[in-house]
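Chains as they are written, first to last, in the numbering used here: chain A, 4 to 299; chain B, 516 to 868.
Fair warning: there could be bad hints in the mix.
Claimed, not checked - Quick list of simulated restraints, FRET-style, between CB atoms:
| no. | chain 1 | residue 1 | chain 2 | residue 2 | range |
| --- | --- | --- | --- | --- | --- |
| 1 | A | F167 | B | L858 | 47 to 53 Å |
| 2 | A | P95 | B | L682 | 47 to 53 Å |
| 3 | A | L148 | B | Y736 | 48 to 54 Å |
| 4 | A | P95 | B | K525 | 33 to 39 Å |
| 5 | A | F167 | B | R726 | 50 to 56 Å |
| 6 | B | T625 | A | L148 | 44 to 50 Å |
| 7 | B | G639 | A | P95 | 40 to 46 Å |
| 8 | B | L618 | A | D66 | 37 to 43 Å |
| 9 | A | D66 | B | R726 | 56 to 62 Å |
| 10 | B | F843 | A | E182 | 46 to 52 Å |
| 11 | B | G667 | A | G143 | 44 to 50 Å |
| 12 | B | G852 | A | L87 | 43 to 49 Å |
To be verified - Computed footprint of chain B on chain A; a stretch qualifies when at least three of its residues, placed anywhere within it, have a C-beta under 8 Å from a C-beta of chain B:
| no. | stretch |
| --- | --- |
| 13 | 26 to 40 |
| 14 | 108 to 122 |
Said to hold, decoys possible - Listing some non-contacts, in silico: residues in chain B with all C-beta distances to chain A over 10 Å:
| no. | residue |
| --- | --- |
| 15 | P540 |
| 16 | G548 |
| 17 | V683 |
| 18 | L775 |
Simulated from the structure, these hints should not be mistaken for lab results. Keep in mind it's a predicted model, so treat the numbers as computed, not measured. Note that the Cβ used here is the ideal one computed from N, Cα and C, for glycine as well.
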Amino acid sequence: MSTIVLMTVTGLGLAALYFLVASGLSLVFGLADVLNFAHGLFLSVGAYATWWAAGNLPGAGPDGWGFVLAVAFGVVAGTVVAALVELVMIRPLYSRTIEQVLVTVGLSLAGVAALQAGFGADPRPFPRPSWTQDVVTLAGARVPLDRLLLIVAAVVVLGLLLAFLRWTRYGLIIRAGVENREMVTALGIDVRKAFTLVFAIGGAAAALAGALSGVYFGSVSPTSGASLLIFAFIVVVIGGMGSVSGSAVAAVAVGLLQQFVNYYGTSGAGDICVVALLAVVLLWRPAGLAGKAATA
Amino acid sequence: MTTTPSALFKRYWPVAAFVLLAVLPYSGITIPGLFDGPINSPGALQVLALCLVFGGLAAGYDLLFGRTGLLSFGHALYFALGVYGTDILITKYGYPLPLAALLAVLFATTVATALGAVALRVHGIAFSMVTLAFGQVGAILVARDPGGLTGGEEGLSLDASGLPDALVGVVNTVNLYWLALAYLTLVVVVLHRVAQSPTGRVFAGLRDDERRIGVLGLDPYRFKLVSFTLSSSLAALGGVVYLLLAAGASPHVASSDLTLTLLVMVVLGGPGTRFGPVLGGVLFTYLDHRLTDLGSSGAVDSLPGVLAGPLSQPLFVLGTIFILAVYFFPGGLAGLGTRLTALRRSVTPAPRP
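Model the full assembly from the supplied sequences, consistent with the hints where possible.
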């Protein structure tokens, strides 16, 4: 029993990481039709900025409020990079989908290489607050706190995103834009402002995922974004592009499936099951679980 | 029809280029700056052969991307099936090379048909993501080393004892070079034949407007599957040549990065053109090697620190060139000639009648 609880919490922790990456990816794709390969770069930027801030930024450190400040710095860095990428590189190629994908591909290659040049190719030990290594007893299982931290962070982000999409004017524009961008443009609303906003939100969520993945894995490396990104893509396709709640459901399904099969089957079998799940969902509902419809 | 020398050249220059490449190993000239040794030294031939193989691979990938309009992110899977399939059959089971290569290519073709049948049920970017996921399974399988077959992170070096003598050893690099040239020629000829055939015209139609093909009463799904399967088996064949050239398999060949570099090669060269992707593949591979050498030499270190770091990373330089190419040279290298001609026409005054 205690094993099952531990596995469930670990699976949900993984799902939280997937969700943080996938939610931004899904919104960007749903609204702007951009398959963003550079999203993994935002994650790495967030992770490295947090790592740098914890060591160098005055007031920030590896523990307590200092760590919160370091993570905030990382999230701001990820947001700024994402907004800049949209403004400088994606916007000139508006409505040329393939070129936009190509630019993000080039950016992901060059960005990872730049990070390697700046910080070295080897993983760096990540400063994590000591309390994240403590365990609590939950339904008879001893659960490390870092997993709970991941889950709480993802739930908070999910709540914030849904509230933003449902109750603010820009949320309304984004939801409408995902459903029918031409109509929104025809009504005289500049959707491109919403593009920048969605990129910034996605960048912030991905940077948070980067910082938290540093806490969870204990290290950061330039390629850590790329490996999470592929599973985030799978989550986006399963959940339905443009749907935040669909991404959340799909992330939980993928995280739990991967964790349990990897534990009870051979290592690696879980990853393959996830791809099989993707194939099944696509054959059954080609538009994903939530389809390209409502975002909230 | 008169055959002026320039018309003859226009028609037969690919043949001339082929002959030139075929006799290249007989010349011992040294090109300073381009290669470290004379052009027929094993080192230079090895790099050239690698360039030719990737030229062929990029051209095969272009059958999907540039000619049929399918953006696949899982092409590395079929290349890796060729590399690892042949390697495992030779090294672990002691098959002779021709049989192992044949079985590996057939297996890769079968896998491509099955996975393509699933992936092509979705369209556009969703197709790209599904192929990416399938490709990732290949990368995971290779890394996890099932049954001790793939060697995991270490890779699997090729057992040379079962190979024909002509393909083993540094002295015989020239034979591998000719093999690579033969592969490239095969790919180019096959693609040219396909492009001239009715099927090739349907591919072009699919790229331009899929609905129109459907209205004409043709089944887009079947044609896309044919393109996908053909392109994948060409990639698997390239994998066999690459295996012999690299004398082993490494997990990198299955990674999604390999597909991304193929995409970069095609876009740099000019998607959908006859020789653009080949040119892109050759240039990219050459620059990748050359920049790695330069990065580890002192030439870059003398630059100021801010520049030296990124410039020692070949992928940073190539990624940046690629991004610039997407903005400023949408047709790639192959489109450059037409653009320059148009530019020259626009700046020289038109002749008065």
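Non-interface label on B/G548, tested against every C-beta of chain A at 10 Å: The assertion about B/G548 holds, with a minimum of 24 Å to chain A.
Range agreement (Cβ of A/G143 with Cβ of B/G667, hint 44 to 50 Å): violated, 36 Å
Per the stated criterion, does the least C-beta distance between B/L775 and chain A lie above 10 Å, as a non-interface residue requires? At roughly 5 Å from the nearest Cβ of chain A, B/L775 sits no farther out than 10 Å, so the non-interface label is violated.
Take a look at whether the Cβ-Cβ distance between A/P95 and B/K525 falls inside 33 to 39 Å. For A/P95 and B/K525 the Cβ distance comes to about 36 Å; the hint holds.
Chain B over the stretch 108 to 122 of chain A, status - at least 3 residues with CB closer than 8 Å: holds (count 13)
How does the Cβ-Cβ distance of A/D66 and B/R726 compare with 56 to 62 Å: does it lie in that range? Since the Cβ atoms of A/D66 and B/R726 sit about 60 Å apart, the hinted range of 56 to 62 Å holds.
Do A/F167 and B/L858 keep their Cβ atoms within the hinted range of 47 to 53 Å? Between A/F167 and B/L858, where Cβ atoms are some 49 Å apart, the hint holds.
B/L618 versus A/D66 beta-carbon gap, inside 37 to 43 Å or not: violated, 58 Å
Range hint compliance [Cβ, A/F167 to B/R726, 50 to 56 Å]: violated, 37 Å
Quick check: does the Cβ-Cβ distance between B/G852 and A/L87 fall within 43 to 49 Å? Violated: the Cβ-Cβ distance is about 35 Å, outside 43 to 49 Å.
Least C-beta distance from B/P540 to chain A larger than 10 Å: With a cut-off of 10 Å, B/P540 remains clear of chain A, as the shortest Cβ separation is near 33 Å.
Take a look at whether the Cβ-Cβ distance between A/L148 and B/Y736 falls inside 48 to 54 Å. Since the Cβ atoms of A/L148 and B/Y736 sit about 51 Å apart, the hinted range of 48 to 54 Å holds.
The earlier numbered hints that this structure contradicts are 5, 7, 8, 10, 11, 12 and 18.
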